[in-house]
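Each protein sequence line maps, in turn, to chains A and B. Be aware that the first sequence starts at 1, since it is given in the numbering used here, and climbs by one per residue. Be aware that the second sequence starts at 403, since it is given in the numbering used here, and climbs by one per residue.
Take the hints with a grain of salt, since some may be wrong.
Here are some, though not all, of the chain B residues that point toward chain A, as calculated from beta-carbon distances under 7 Å [as the list claims (entries may be wrong)]:
no., residue
1, A405
2, N454
3, V502
4, L503
These aren't lab readings, by the way, just hints derived from the structure by calculation. Every residue, glycine too, gets a C-beta built ideally from N, C-alpha and C.
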Amino acid sequence: MSVPFLQVRRQLRAHWFRNLLTVGAVSLAVLLFAFLVSLIRTLDAQVEDSSGERVVVQSAVSLFVDLPLDYQTKIESVPGVMELTKWQWFGAYHKDPNSGFFPQFAVDPDRMLRMYEADIEIEEGPPGASGDLRAAVARAMAEEKRAALVGVKTMEKFGWKVGDTVQLICTIFPHPSGGAWDFNIVGSYSKKKDNVDDQTMFFRFDYLEDTFSGGDAAEAVGTGTYFVQTAPGASAAVIDGIDALFANGPQRTRTFTEAAFQQGFVSMLGNLPLFLGTIGGAVLFAVFFSVVNAMLIAGRQRIRETGILKALGFSDGSIGLSLLLESLLLTSVGGLLGVAVVLGASQALKQGLAGFFPNFEVGPGTLLQGFAIAVLMGLVAGIAPMLHLMRLRPTAALRNEG
Amino acid sequence: MSAFIELRQVRKQYSRAGETLVVLDGLDLAIPQADFLALMGPSGSGKTTILNVVGALDQPDAGSVHVDGTDLTQLPSKRLPTWRAENVGFIFQSFNLMPVLTAYENVLLPLSLTPLSGKERRKQAEFALEVVGLQDRMDHRPNQLSGGQEQRVAIARAIATDPAVIIADEPTGDLDRETATQVMDLLVRLNEEMGKTILMVTHDPVVAERCRRTLHLDKGVLVEATEGSGA
Ligand SMILES: Nc1ncnc2c1ncn2[C@@H]1O[C@H](COP(=O)(O)OP(=O)(O)OP(=O)(O)O)[C@@H](O)[C@H]1O
Ligand SMILES: [Mg+2]
Numbered sequence: 001m002s003v004p005f006l007q008v009r010r011q012l013r014a015h016w017f018r019n020l021l022t023v024g025a026v027s028l029a030v031l032l033f034a035f036l037v038s039l040i041r042t043l044d045a046q047v048e049d050s051s052g053e054r055v056v057v058q059s060a061v062s063l064f065v066d067l068p069l070d071y072q073t074k075i076e077s078v079p080g081v082m083e084l085t086k087w088q089w090f091g092a093y094h095k096d097p098n099s100g101f102f103p104q105f106a107v108d109p110d111r112m113l114r115m116y117e118a119d120i121e122i123e124e125g126p127p128g129a130s131g132d133l134r135a136a137v138a139r140a141m142a143e144e145k146r147a148a149l150v151g152v153k154t155m156e157k158f159g160w161k162v163g164d165t166v167q168l169i170c171t172i173f174p175h176p177s178g179g180a181w182d183f184n185i186v187g188s189y190s191k192k193k194d195n196v197d198d199q200t201m202f203f204r205f206d207y208l209e210d211t212f213s214g215g216d217a218a219e220a221v222g223t224g225t226y227f228v229q230t231a232p233g234a235s236a237a238v239i240d241g242i243d244a245l246f247a248n249g250p251q252r253t254r255t256f257t258e259a260a261f262q263q264g265f266v267s268m269l270g271n272l273p274l275f276l277g278t279i280g281g282a283v284l285f286a287v288f289f290s291v292v293n294a295m296l297i298a299g300r301q302r303i304r305e306t307g308i309l310k311a312l313g314f315s316d317g318s319i320g321l322s323l324l325l326e327s328l329l330l331t332s333v334g335g336l337l338g339v340a341v342v343l344g345a346s347q348a349l350k351q352g353l354a355g356f357f358p359n360f361e362v363g364p365g366t367l368l369q370g371f372a373i374a375v376l377m378g379l380v381a382g383i384a385p386m387l388h389l390m391r392l393r394p395t396a397a398l399r400n401e402g
Numbered sequence: 403m404s405a406f407i408e409l410r411q412v413r414k415q416y417s418r419a420g421e422t423l424v425v426l427d428g429l430d431l432a433i434p435q436a437d438f439l440a441l442m443g444p445s446g447s448g449k450t451t452i453l454n455v456v457g458a459l460d461q462p463d464a465g466s467v468h469v470d471g472t473d474l475t476q477l478p479s480k481r482l483p484t485w486r487a488e489n490v491g492f493i494f495q496s497f498n499l500m501p502v503l504t505a506y507e508n509v510l511l512p513l514s515l516t517p518l519s520g521k522e523r524r525k526q527a528e529f530a531l532e533v534v535g536l537q538d539r540m541d542h543r544p545n546q547l548s549g550g551q552e553q554r555v556a557i558a559r560a561i562a563t564d565p566a567v568i569i570a571d572e573p574t575g576d577l578d579r580e581t582a583t584q585v586m587d588l589l590v591r592l593n594e595e596m597g598k599t600i601l602m603v604t605h606d607p608v609v610a611e612r613c614r615r616t617l618h619l620d621k622g623v624l625v626e627a628t629e630g631s632g633a
């Protein structure tokens, strides 16, 4: 079968603007697809790996309203509660407010380490420590007020080593000195499950509390949330128990399972996945129809040429194939371009999202799916005009004006 | 024993809106090899229909069409394109060049259907353009050529693969007298020097004069035949 490739190439060039738009639209669709699917997969993994025996207590008003510190002992008395820790977002950065941003939480380290035994792995303990690293880290954090446990990704990103003293600048809790907060890194950890990440820094809540209230702070420091470990199967009862306990104030609480909290953390942003998913789906459809439309126009513009090619002796199959190849070429180039942009931007994207979605990752499978969608678009869009041109009788096509 | 091109009892009809229009009703036509035949007749009489049937662009509803020993009505429709590529060159009133291709590339197009090597194809295309006197316009696009030049490129395209039959449907219809004469000079040369069998439709008696023979078609019947001047 002899396909008139030169003719196809020239026609692509002759309609370069329309083709550029098609390629651009497809690459945009792939870009959007890869981004959204990665985001949703990240969130799903977080929710899926969450413990069913851990619940999160926050203010009934919003995550941005702190809970009083004396709630800790009250929550501890609720039947079914095994362990709990304060969990306060610190939101500081190292050197640069954008590239130096990563998650930090002020916690009760010994309790946190016990509760997250199955979720995180201590990679390196304090200098000279051997044997039970977890216990060594817990000891070091008990001894040293400025001690911090840091995720391996963040260690790597800033080139930190255990034993280093590092400076963080915090705008939510500005250091009374007007300068930076000092932290001594006593250990590093990696994640074992996807409900946690490799980037967070955990440090002592009382370091925050004492430093801050030692200054001229008018109000006492509270904690945004309490993370609570429940007895097996007791999470529902614990949720009811805690919320009932504070039903009459002073600060009403809203308690979730960890999974629901992970989802809620997102819905705090206005149910992001659903919103973006809807927009993304609509854009994907719009792009698909624009590709279909572009190919229908290409087919219609080519009726006379098809008549000529058929008269010259080109077969129906080769003429149909050339249109299908054109369609596939346009969408594949668009797909590759989209994949290339995602790959090029993925580091920046990861860093930009690190504060909120530390586990965000665009997997090769997602990119492959995005590319496959592009190819599929080309295939589907090419079929109708391909069949139309194939079925044209040469005499009818030649009579066509234009 | 049959002529080089022979139509026997060819019937062609079109159905439109429940009405049947019989265009050719048992038409017989014999054309010897290396003939140059002009077909004349009123609009709608079926001249283009005859060309389409001889050029295997269309199949008759009944009868047989022999060209160079092949009965086209017996060929499966899948084989017709290949047959056209090997045996016929088409020339149209409105030139029908590919607007995105240069003159040279237009001539190269039918050659891509031949088993020739790339080098041989380029040689053939250059030769065909030389025959029509346009070797210095090879890289021009159709919209950079005059009507007469466009038609000469179309003639080069029609002879590039060296087919035995040339089919021309009003090749001078869109041209002025002077360029029409140039195009006719060329066709006469193809017939006389290269031995091409040419079947041409025209409305212009001056043009028909240049052919070996002229047939008049009226209401699907060849009603009159006159000997041309033979140019
Ligand atoms: N595909 C078709 N469907 C219906 N009718 C057709 C079709 N093709 C041709 N006809 C009709 O058949 C008749 C003969 O058409 P044809 O094109 O052969 O005429 P012609 O002699 O070439 O005319 P002209 O000099 O105007 O080119 C015309 O009446 C035309 O309307
Ligand atoms: Mg006609």
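Results of checking the hints against the structure:
1. A405: violated, 24 Å
2. N454: Result: holds, 5 Å to nearest chain A Cβ.
3. V502: holds, 4 Å
4. L503: This interface hint holds because 6 Å falls under the 7 Å limit.
Of the numbered hints stated above, the single one contradicted by the structure is hint 1.
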